[in-house]
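*Asks:* Protein sequences, first through last, are from chains C, X and F. FYI, in our numbering the residues of the first sequence are 1 to 251. FYI, in our numbering the residues of the second sequence are 1 to 489. FYI, in our numbering the residues of the third sequence are 1 to 424.
Wrong hints could be hidden among the right ones.
As the list claims (entries may be wrong) - Think about it this way: if two alpha-carbon atoms lie no more than 20 Å apart in a straight line, the pair counts; the simulated SDA-like pairs of lysine to any residue are:
1. X:LYS354 <-> F:HIS58
2. F:LYS253 <-> F:SER225
3. X:LYS354 <-> F:GLY363
4. F:LYS327 <-> X:SER421
5. C:LYS127 <-> C:PRO143
6. C:LYS80 <-> F:GLU384
7. F:LYS386 <-> C:PRO137
8. X:LYS389 <-> F:ASP341
9. F:LYS386 <-> X:SER421
10. F:LYS386 <-> C:ALA129
11. C:LYS141 <-> F:LEU41
12. C:LYS141 <-> C:ALA129
13. F:LYS327 <-> X:LYS389
14. C:LYS27 <-> C:GLY230
15. C:LYS184 <-> C:GLY230
16. F:LYS386 <-> C:GLU128
17. C:LYS223 <-> C:GLU116
18. X:LYS407 <-> F:GLN326
19. F:LYS386 <-> C:GLU116
20. C:LYS127 <-> C:PRO137
21. C:LYS110 <-> F:GLY291
FYI, nobody ran anything at the bench for these hints, they're computed from the structure. A quick note: this is a predicted structure, and the numbers were derived from the prediction, not measured.
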Amino acid sequence: MLEIKNLHARIAEDGTEIIRGLNLTVKAGEVAAIMGPNGSGKSTLSYILSGREDYEVTEGDILYNGESILELDASERAAKGIFLAFQYPVEIPGVATMQFLKVAMNEQRKYRGEEELTTPEFMRRVKEAAAELKISPEMLKRPLNVGFSGGEKKRAEILQMALLQPQLCVLDETDSGLDIDALKIVADGVNALRSPDRAVIVITHYQRLLEYIVPDSVHVLYKGQVIKSGDKSLALDLEANGYADIIGAAA
Amino acid sequence: MPAVQETIDQVALIDVDQYKYGFETKIEMDKAPKGLSEDIIRFISDKKQEPEWMLEWRLDAYRRWLTLEEPKWARVEYPKIDFNDIYYYAAPKGQTGPKSLDEVDPELLKVYEKLGIPLREQEMLAGVKTSKIAVDAVFDSVSVVTTFKEELKKAGVIFMSISEAIREHPDLVKKYLGSVVPTTDNYYATLNSAVFTDGSFVFVPKGVRCPMELSTYFRINEKDTGQFERTLIIAEEGAYVSYLEGCTAPQRDENQLHAAVVELVALDDAEIKYSTVQNWYPGDKNGKGGIYNFVTKRGDCRGARSKISWTQVETGSAITWKYPSCILRGDDSRGEFYSIAVSNGHQQIDSGTKMIHLGKNTSSRIVSKGIAAGFSQNTYRGQVSTHRKASNARNFTQCDSLLIGDKCGAHTVPYIEAKNSTAQFEHEATTSKISEDQLFYCLQRGIPTEAAIALIVNGFVKEVIQELPMEFAVEAQKLIGISLEGSVG
Amino acid sequence: MNIQTAITMTASETALVDAYTAQLGELPGDGAVLSARDALLNALKTEGLPTRRIESWHYSDLRALLRSVPAFDTAAFAEGVEPLAAGSSVVRVLNGKADVSGAPEGIHIRRYGESLVEGVAAADLVERGTDDAIGRINGTFVRDGFEIEIPAETVLEQPLELQLVQSAGQSHSRFPVTFGAKSKAVVIERHLSVNDAPSLVSVVSDLIIDEGAEITWIILQQQGSADSHFGQVNFDLGADAKLRIFVINAGGKLVRQEVHGVTTGEGADFQMRGINLLGDESHTDVTFTLGHDVPHTTSTEIIRNVVLNRAKGVFQGQIRVAPDAQKTDARMACNTLLLSDDADFSAKPELEIFADDVQCGHGATVIDLNPMHLYYLMARGIPEAKARTMLVNAFVDEIVEELEDEAIIEPLEAIIAAWLEKHA
Numbered sequence: 001m002l003e004i005k006n007l008h009a010r011i012a013e014d015g016t017e018i019i020r021g022l023n024l025t026v027k028a029g030e031v032a033a034i035m036g037p038n039g040s041g042k043s044t045l046s047y048i049l050s051g052r053e054d055y056e057v058t059e060g061d062i063l064y065n066g067e068s069i070l071e072l073d074a075s076e077r078a079a080k081g082i083f084l085a086f087q088y089p090v091e092i093p094g095v096a097t098m099q100f101l102k103v104a105m106n107e108q109r110k111y112r113g114e115e116e117l118t119t120p121e122f123m124r125r126v127k128e129a130a131a132e133l134k135i136s137p138e139m140l141k142r143p144l145n146v147g148f149s150g151g152e153k154k155r156a157e158i159l160q161m162a163l164l165q166p167q168l169c170v171l172d173e174t175d176s177g178l179d180i181d182a183l184k185i186v187a188d189g190v191n192a193l194r195s196p197d198r199a200v201i202v203i204t205h206y207q208r209l210l211e212y213i214v215p216d217s218v219h220v221l222y223k224g225q226v227i228k229s230g231d232k233s234l235a236l237d238l239e240a241n242g243y244a245d246i247i248g249a250a251a
Numbered sequence: 001m002p003a004v005q006e007t008i009d010q011v012a013l014i015d016v017d018q019y020k021y022g023f024e025t026k027i028e029m030d031k032a033p034k035g036l037s038e039d040i041i042r043f044i045s046d047k048k049q050e051p052e053w054m055l056e057w058r059l060d061a062y063r064r065w066l067t068l069e070e071p072k073w074a075r076v077e078y079p080k081i082d083f084n085d086i087y088y089y090a091a092p093k094g095q096t097g098p099k100s101l102d103e104v105d106p107e108l109l110k111v112y113e114k115l116g117i118p119l120r121e122q123e124m125l126a127g128v129k130t131s132k133i134a135v136d137a138v139f140d141s142v143s144v145v146t147t148f149k150e151e152l153k154k155a156g157v158i159f160m161s162i163s164e165a166i167r168e169h170p171d172l173v174k175k176y177l178g179s180v181v182p183t184t185d186n187y188y189a190t191l192n193s194a195v196f197t198d199g200s201f202v203f204v205p206k207g208v209r210c211p212m213e214l215s216t217y218f219r220i221n222e223k224d225t226g227q228f229e230r231t232l233i234i235a236e237e238g239a240y241v242s243y244l245e246g247c248t249a250p251q252r253d254e255n256q257l258h259a260a261v262v263e264l265v266a267l268d269d270a271e272i273k274y275s276t277v278q279n280w281y282p283g284d285k286n287g288k289g290g291i292y293n294f295v296t297k298r299g300d301c302r303g304a305r306s307k308i309s310w311t312q313v314e315t316g317s318a319i320t321w322k323y324p325s326c327i328l329r330g331d332d333s334r335g336e337f338y339s340i341a342v343s344n345g346h347q348q349i350d351s352g353t354k355m356i357h358l359g360k361n362t363s364s365r366i367v368s369k370g371i372a373a374g375f376s377q378n379t380y381r382g383q384v385s386t387h388r389k390a391s392n393a394r395n396f397t398q399c400d401s402l403l404i405g406d407k408c409g410a411h412t413v414p415y416i417e418a419k420n421s422t423a424q425f426e427h428e429a430t431t432s433k434i435s436e437d438q439l440f441y442c443l444q445r446g447i448p449t450e451a452a453i454a455l456i457v458n459g460f461v462k463e464v465i466q467e468l469p470m471e472f473a474v475e476a477q478k479l480i481g482i483s484l485e486g487s488v489g
Numbered sequence: 001m002n003i004q005t006a007i008t009m010t011a012s013e014t015a016l017v018d019a020y021t022a023q024l025g026e027l028p029g030d031g032a033v034l035s036a037r038d039a040l041l042n043a044l045k046t047e048g049l050p051t052r053r054i055e056s057w058h059y060s061d062l063r064a065l066l067r068s069v070p071a072f073d074t075a076a077f078a079e080g081v082e083p084l085a086a087g088s089s090v091v092r093v094l095n096g097k098a099d100v101s102g103a104p105e106g107i108h109i110r111r112y113g114e115s116l117v118e119g120v121a122a123a124d125l126v127e128r129g130t131d132d133a134i135g136r137i138n139g140t141f142v143r144d145g146f147e148i149e150i151p152a153e154t155v156l157e158q159p160l161e162l163q164l165v166q167s168a169g170q171s172h173s174r175f176p177v178t179f180g181a182k183s184k185a186v187v188i189e190r191h192l193s194v195n196d197a198p199s200l201v202s203v204v205s206d207l208i209i210d211e212g213a214e215i216t217w218i219i220l221q222q223q224g225s226a227d228s229h230f231g232q233v234n235f236d237l238g239a240d241a242k243l244r245i246f247v248i249n250a251g252g253k254l255v256r257q258e259v260h261g262v263t264t265g266e267g268a269d270f271q272m273r274g275i276n277l278l279g280d281e282s283h284t285d286v287t288f289t290l291g292h293d294v295p296h297t298t299s300t301e302i303i304r305n306v307v308l309n310r311a312k313g314v315f316q317g318q319i320r321v322a323p324d325a326q327k328t329d330a331r332m333a334c335n336t337l338l339l340s341d342d343a344d345f346s347a348k349p350e351l352e353i354f355a356d357d358v359q360c361g362h363g364a365t366v367i368d369l370n371p372m373h374l375y376y377l378m379a380r381g382i383p384e385a386k387a388r389t390m391l392v393n394a395f396v397d398e399i400v401e402e403l404e405d406e407a408i409i410e411p412l413e414a415i416i417a418a419w420l421e422k423h424a
C-alpha cells in the first residue's frame with residue numbers, strides 16, 4: 001500500500017535535511033510501528049506523508065497504492081485515504097467541531113465522486129462513533145479542539161479517523177500525554193479499524209502503546225533513515241536495552 | 001498598600017533634583033551674537049572654515065525654514081520658543097575644532113573627568129571585559145577632542161567631528177549628508193540643517209568590522225545656547241559599527257534647545273548599532289528649566305540584508321520629542337528599536353519609532369518600556385507601515401508602560417498601516433502599575449520595598465538593557481535608578 | 001491652523017451648502033433649532049470637511065474621499081423589509097421619514113421631527129468638538145428619527161429594530177434614547193439600501209443608560225455600493241450598567257462609524273464588538289473613544305476585519321482613563337485579515353492613561369490565515385479554497401456567537417456567509 005523509496009527531505013525555510021534516504025514498505029492489513037530517539041525524523045515523516053508544505057522532498061518517491069503522491073496537496077491525499085492523527089491537534093477557534101466534521105466528510109466524498117451525507121445520516125454516524133470513544137455531545141459543540149484536554153484532543157483525532165474511514169492511518173505519538181484509561185480507549189478505537197485492506201503506521205517513543213496496538217513490523221528510525229526493521233520483539237528489545245546498541249551497530 | 005504609598009510620596013519629594021551632572025563650568029567662550037539670520041549662518045560656516053557648497057546648503061535650508069510653521073504636537077506643551085533669543089554658536093575660546101589632548105584647556109578636561117567620560121586613550125574596565133572606547137567630545141558648538149583616531153584609521157575607519165569631515169572628506173559628506181533626513185524633512189530638521197555646529201562623522205568601509213565602540217558625548221554648558229548636533233554614520237557593504245551617544249547639561253532655570261539630526265546609512269549586509277543614553281537636564285521639581293530635546297534620527301537600510309538597531313535610554317530633558325526610525329529599503333533588511341523612557345517630575349516624553357517597510361522580506365522589532373512617575377507625561381508614538389510591494393514584511397511590537405504614582409500619565413499611540421496581504425504585524429501594549437503580587441512576594445521573602453521596586457523595575461526594562469553595549473548597561477541601569485530615586489534607590 | 005482664512009470649497013462642500021439653502025423650508029424646527037443648524041453649517045463652511053491634517057481623520061481624509069453628494073430626493077420611494085430577527089418589533093425610517101407604528105408596548109416613543117418642531121431638540125444640535133464632521137452634517141440636516149424612553153425596570157422580551165431604508169438622496173436621523181434604571185433591551189439599528197442609486201445617510205444616536213440597565217445595541221450596516229454612511233453613537237453609561245455595542249459593516253462605499261462614550265458610574269461595563277467586511281473599492285472607518293471617567297469600570301473591545309479587493313479599512317480606538325479612575329480594566333484588540341495586495345488597513349489603538357492602579361492593554365494584528373490551521377483542515381480532506389472560507393468565517397463568527405441569541409446569530413451569520421461568498 002505504501003512504498004517509500006530513498007526519500008530525502010528538508011525543511012523548506014532553512015534547507016535543513018531531516019530525512020536522508022529513507023526506505024519503508026507497508027502492506028495492506030499491516031500495522032507498522034516506527035520508533036526512534038528524539039530528533040530522528042519521526043514527526044517529519046508523518047508531515048511529509050500528509051503533504052505539509054513546510055517540507056520539501058529533494059529526492060526519492062512516495063508511492064501510495066502504486067502511485068506517487070508527491071504532487072498532491074494535503075487535502076487530495078486525505079481524500080485518497082491518508083489520515084494523520086496529529087501529535088498536537090490544532091485548536092481552531094470559531095470553527096465548530098460538528099461543522100468541521102461534516103465539511104471534511106462531505107468534501108472527501110465529493111472528491112471520490114460519492115453522494116454527500118444527509119444531515120440525519122451524518123448525525124447518526126457521529127453519535128455512534130463518539131459514544132464508542134466516550135466523547136460527550138458537549139465536547140462536539142465546542143470549537144475544534146479549543147479547550148480540550150490532551151486526552152480529549154487525542155480521542156477527537158481517533159473520532160475523526162473512525163468517521164473518515166481512511167486506508168492509511170498514521171498515528172503520530174498518539175500515546176503521549178495519555179493516562180492508561182485514555183490509552184485503552186484510543187487503542188480500542190484503532191484496533192476496531194484494523195482490517196485486511198487498511199494499513200496503520202504507529203509512530204511512538206515507547207513500547208507501551210504497542211502492548212495495546214500490536215504491530216506486525218517495527219522499524220527503527222535514526223537520522224532520517226530506517227536503520228533496523230524487525231517484528232514486535234524488536235520493540236521489546238528496544239524497551240529493555242535502549243537505542244544505543246542498534247545505533248552503534250548501524251554506524 | 002501603605003508601603004507603596006510611602007514610596008510614591010518619596011518619589012514626589014525627591015523628584016528630579018537628584019540630577020548629578022548639573023554643574024556649570026566657567027570657561028571663556030567665543031560666541032556668535034544672539035539670534036538667527038543669514039549673517040549668523042555665514043559666521044558659523046566661516047568659523048568652521050567650510051567650503052562654499054556647504055554654506056549654500058545651509059542657506060537653502062534656512063530660507064526654507066523661514067517659510068515653515070512651527071509644529072504643534074498633540075501631547076507636548078511648552079511656551080513658544082523665541083528663536084532669536086538663542087546663541088547658535090558658542091565654543092571655548094581658541095577652540096574651533098578638536099585638538100590633541102595636551103592642547104585642550106585643562107578646565108575642559110576636568111569637565112569630562114567629572115562626568116566620568118574617558119578622554120585618555122586608555123582601556124576602559126567594565127565588569128571583567130576590558131575594551132577600548134573611542135570618544136568624540138562635543139562641548140556646546142564644537143568638538144574639543146576625538147580619541148583613538150589614529151588607531152581607527154589603521155583599520156580604515158574614519159571617526160571625526162562632522163566639521164572636520166566636511167573639510168577632509170567632502171565627497172563622502174556631499175554624497176550622504178541629507179540623503180536620509182532631507183533638509184526639507186521637518187521644522188527642526190530644517191533648522192538643524194541651517195545652523196548645525198558639530199557632531200560626529202563615522203565611515204566604516206566595505207567589509208570592515210569597527211575594532212572598538214565609538215561614542216560621542218554631548219555637553220551643553222553655556223547659557224542661552226542651542227545645541228544643533230549633526231551626526232552621520234555610514235557602514236559600507238558588510239561593515240559593522242556600534243556607536244553610543246551620551247548627553248548632559250547644567251542645571252538652569254531657562255529652557256535650552258537641543259535639535260539634532262542623526263543619519264545612518266547601511267549598505268548591503270552592513271550593520272549599525274546605535275545606542276543613546278540621554279540624560280540632559282530635566283528641569284527642577286517645579287518643572288522649571290531643562291532641555292527641549294527635539295531630535296530627528298533616522299536610519300536607512302539601503303542595502304540588502306542590512307540591519308540598523310536603535311537602543312535608547314531616555315531619562316533626561318524637560319521635553320523629549322524623538323522617533324529614531326528605520327527605512328527598510330533593502331530586501332531582507334531589518335530594523336530594531338529598543339527603548340526605555342523614564343519620566344519624573346514635570347518631564348514630557350513623546351518618543352517612539354517608525355518602521356517603514358519598503359523592500360521584500362523585511363522585518364522589524366520594537367520593544368518600548370515607559371516608566372512614568374511624579375507629574376510627568378510619557379507617550380509612546382510609533383508607526384509601522386508596509387509599502388504595497390513590500391511582500392512578507394514582519395513586525396513585532398511590544399510596548400509596556402509602568403505608572404508610579406497617580407499624578408502622571410502614560411500613553412500609547414501606535415499607527416499600524418498594512419498594504420500587503422503577506423504582511424504580518426503584531427502589536428501589543430500594556431499599562432499597569434507595579435504588580436502588588438510581585439511586590440508582596442518580594443516583601444514576603446524579606447526584600448524591603450525600595451529594593452523590591454528596584455528589582456521589579458529592573459526586570460521590567462531588562463529586555464532593553466540587554467541590547468546596550470555591555471560597557472554602558474551598568475551605567476544605564478544606575479541612571480534609571482537615579483531618575484526614579486526614592487523608589488529605586 | 002488659521003481658521004479665519006476662507007477655504008476653497010470642494011464640489012461636495014458646495015453641494016452640502018447648496019442643499020441647505022434648498023432644503024431650508026423643508027427642515028423642521030423652531031428659531032432655536034434653526035440657529036443651531038446655521039451655526040453647524042457655518043462651521044462646515046469655514047473649516048470645510050476634515051482632512052488628514054486633523055488627527056482624528058488622519059486615515060479618512062473626508063474632504064478628498066467624499067467625492068459627491070446626492071441631492072435630496074423627497075419623491076423617492078422606499079419600502080420596509082422583514083425584521084432581521086423573527087419576532088422583533090420594528091419601527092422604520094424610510095428615506096428619512098420616521099413612523100412609530102410597530103413600536104412595542106411599554107416604551108415611550110415619538111418622532112424626532114416633533115422634538116425639532118417644538119424646539120426641545122435645539123440642545124442636541126451641537127458638535128462634540130471641532131473635528132466632529134458627522135455631528136455637523138447631521139445637525140445641519142436632521143429631519144427625523146425617534147426619541148425613545150425605556151422606563152425603569154422595563155424588560156423588552158423581543159429585540160427592537162430601528163430599520164432605516166434608503167433608496168436615493170439624503171437622509172439624516174437622530175435617536176436620543178434613554179434606558180431607565182435596570183431596564184433590559186436589545187436594539188438593532190439596521191441600515192439598508194434597496195438599490196444602487198447613491199445616497200448619503202447620517203445617523204446620530206445619543207444613549208443614556210441608567211443604573212443597572214443591560215443593553216445590547218447592534219448596528220448592522222448594509223448600504224449600497226455607492227452610498228456614503230456616517231454614523232455616530234454617543235453614550236453615557238451609569239453605575240453597574242452594561243452596554244454591548246456590535247458594529248457590523250457589510251456595505252457602503254464610504255463609511256465612517258463613530259462610537260464615543262463615557263462611563264459615569266462605578267461598576268459600569270462596556271463591550272464593543274466589531275466586524276468589518278470590506279470589499280470592492282470601499283473605504284470604511286470605525287472610530288471609537290471611551291473615557292473611563294470614574295473608578296471601577298471595565299471595558300473590552302474586539303474588532304475583526306476582513307479586507308478584500310481594493311478596499312481600505314481603518315480602526316481608531318482610544319481608551320482614556322481619567323485621573324483617579326483607579327481600578328479601571330480596559331482591553332482592546334483589533335485583528336485584521338488582509339486578503340488582497342490591493343487592499344489596505346490602518347489601525348491606531350490608543351491608550352491615554354492618567355491613573356496608576358489600572359490594567360489596560362491593547363493588541364493589534366495584521367495577519368494572513370494561520371498556515372497550520374489551513375494544513376489541518378486540508379489534512380482532513382477539505383480543499384484549500386473551502387478551508388480558507390471556513391477559516392475566514394470562523395474569524396468573524398466567533399464574534400457573532402457572543403450575542404448568544406440564536407434568533408439574531410443565525411441571520412447575521414447568513415449575511416456574513418453571503419457577503420463572503422460574493423466577495424471572496
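*Asks:* Run the structure past the numbered hints and jot down the numbers of the failing ones, going up.
*Replies:* 4, 7, 10, 11, 13, 15, 16, 17, 21
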